[in-house]
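Engineer: What follows is the residue order along each chain.
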Amino acid sequence: MIKDIYYNLQRYYTEYSYRDICAFSVLAAVTISIYIFVSTLDIAECLKIKYSRYTVLCIWIVFCGAITYFTAFQHYCDSRTSYSEMLYPTAPFTKYMSAFIRCFINLPLISMALLWIVDYVWMCNVYADNEAESLMKFLMASGEPLNYLPIFPFYMLWICSAAFMVSLYPRLISVSLLIIAIFSLIILPGFNSSEYYPFINMRVVYSTENIRWTSIYSCLGARTTIGYLISYLWLIGMPISILILSYYRFKEAKLS
Amino acid sequence: MINMLKLRDLSVGYGHRSVVSDINMDFIQGGVYGLLGSNGCGKTTLMKTIAGGIEPIQGNIYASNCIPFLKHKKFLESMVYMPEDFRLPACSVKKFIQLYGNIRPLFSVQDFYDNLDTLNFHTNERIDRLSLGNKKKLFIAYSLACHPKLLLMDEPTNGLDMEAKKSFSKLMVTTDFSNSIVIVSTHLLPDLRNLLSGVIIVCDGKIALDSSIDKIASLLQFNNGENESLLYSDGLNTISTNINGEYSDVDIELLYYAVRESENVRDYLKINSNHD
Chain A
1 MIKDIYYNLQ RYYTEYSYRD ICAFSVLAAV TISIYIFVST LDIAECLKIK YSRYTVLCIW
61 IVFCGAITYF TAFQHYCDSR TSYSEMLYPT APFTKYMSAF IRCFINLPLI SMALLWIVDY
121 VWMCNVYADN EAESLMKFLM ASGEPLNYLP IFPFYMLWIC SAAFMVSLYP RLISVSLLII
181 AIFSLIILPG FNSSEYYPFI NMRVVYSTEN IRWTSIYSCL GARTTIGYLI SYLWLIGMPI
241 SILILSYYRF KEAKLS
Chain B
257 MINMLKLRDL SVGYGHRSVV SDINMDFIQG GVYGLLGSNG CGKTTLMKTI AGGIEPIQGN
317 IYASNCIPFL KHKKFLESMV YMPEDFRLPA CSVKKFIQLY GNIRPLFSVQ DFYDNLDTLN
377 FHTNERIDRL SLGNKKKLFI AYSLACHPKL LLMDEPTNGL DMEAKKSFSK LMVTTDFSNS
437 IVIVSTHLLP DLRNLLSGVI IVCDGKIALD SSIDKIASLL QFNNGENESL LYSDGLNTIS
497 TNINGEYSDV DIELLYYAVR ESENVRDYLK INSNHD
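Chains as they are written, first to last, in this note's numbering: chain A, 1 to 256; chain B, 257 to 532.
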């Protein structure tokens with residue numbers, strides 16, 4: 001199976017690696033533009049970095065979702081190309097896993113690495129002009145590092161799962177299901193407002209020595225704990241369910 | 257490994273719309289079957305269903321112990337489907353072999369290049385930029401080099417020039433299909449005349465004829481002029497029952513028109529014919 005996944009990935013990257021490189025280049029260019037633009041705003045230096053990061057992370061989520069939607073199962077809707085994908089001599093699960101690896105692992109990691117590089121180069125440049133005692137203290141003062149915002153990878157997982165489903169199911173059904181899912185996200189806190197979203201209710205404590213995450217978990221009552229558990233299961237379970245449904249839909253794909 | 261193909265009470269089509277129904281056929285290893293019919297009669301739909309690309313509306317397809325629509329790896333490795341219209345990837349011939357050939361257990365690189373030579377394919381261009389004819393040649397060479405147990409070719413000679421059609425016929429005749437089931441659909445009957453061991457004619461949403469060439473030759477006489485046991489005539493050529501037991505060459509084109517137009521021929525063959 002690993003060999004077959006390799007063949008499927010090799011097929012894609014042989015043909016579309018240039019296209020992907022162009023997409024990553026556009027992402028890098030947009031990221032740099034945002035950092036440049038935000039740096040012109042009349043606000044504290046730390047806030048500039050923070051706003052830049054939040055903005056590019058949102059763009060990163062949209063980027064991953066869009067690339068997933070357009071490339072995950074791109075040839076399955078075309079009568080001229082669908083046969084070569086569907087009838088390629090590997091199992092359907094292998095083909096699905098290849099698309100999953102490409103869109104949920106390779107794509108986010110490579111694009112995130114690009115954001116990291118831009119952010120690091122920018123930070124070093126800004127630090128050189130700054131009078132902070134050390135890079136570490138400057139990093140702490142400039143807000144959450146890029147990889148330390150768990151809600152963003154989670155949103156990316158949601159968006160890419162949704163992209164999988166929309167690219168496989170008829171538009172009306174998939175958009176309806178997504179609206180229901182999003183609505184359920186909003187009305188989920190039947191217990192107590194936004195206290196039950198596991199990621200939102202983490203706090204970052206900055207000190208001169210380190211950055212520390214705290215959770216309100218330690219001071220929860222039973223009702224709140226149950227609410228948190230339900231929300232964890234629901235929020236993780238939804239994309240997993242979408243992926244499983246998408247797989248069974250993918251298995252039944254037909255030549256047009 | 258596919259060594260037999262059976263279609264039982266099969267209806268094929270799209271959604272709930274049946275294109276061809278009541279299909280009951282057996283195919284055996286070593287057979288080369290011509291699938292004939294007019295435009296839109298369901299040849300391509302039937303081939304796509306056998307290939308596993310479309311789920312049957314009704315009935316079953318048994319390819320040894322595989323169900324094609326489930327697209328198990330074992331079935332897909334042993335089957336090659338060459339559609340009428342297709343897209344080749346944007347890569348070189350060498351890369352194409354790496355990506356699409358090496359994954360097939362019986363693929364032979366030497367046979368692939370020999371087939372390309374026979375078809376007079378000589379170009380180093382990227383394969384997605386080739387002309388239709390050259391793409392067809394490449395795919396034909398690839399399909400045969402895979403040595404599949406089930407080979408489905410939909411209009412393989414469309415887009416080929418006269419010389420290439422001749423080369424294709426020569427290639428098909430010289431290729432060893434003793435371990436394969438080959439189903440070829442075509443409008444161009446003269447191209448296939450010397451290749452077929454069986455004929456399937458689709459007409460009006462049904463299988464009008466499903467028989468081996470030998471059986472047809474034993475049942476029918478194809479000659480010019482009048483005959484007392486005449487079944488069909490197009491003005492010059494005739495088909496009559498084979499009273500004398502003399503073997504005559506099967507005129508597939510004439511047979512096709514006879515089956516389409518003459519209920520006598522259909523009924524006579526239906527009563528008497530079967531695949532060997």
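The set of hints was computed from the structure by calculation and includes no laboratory data. A hint or two may mislead.
Stated by the list, open to error - Facing chain A, according to a computed beta carbon distance under 8 Å, are these residues of chain B, among others:
#1 D282
#2 G286
#3 K304
#4 K327
#5 H328
#6 D341
#7 I359
#8 C459
#9 K462
Stated by the list, open to error - Calculated pairs, EDC-like style, for lysine to aspartate or glutamate (alpha carbon to alpha carbon, straight line, at most 16 Å):
#10 A:K251 to B:D282
#11 B:K262 to B:D282
#12 B:K329 to A:D4
#13 B:K350 to B:E381
By construction, the Cβ of each residue, glycine as well, lies at the ideal position given by its N, Cα and C atoms.
Engineer: So which of the earlier hints does this model not fit?
Structural biologist: Hints 1, 2, 8, 9 and 10 not satisfied by this model.
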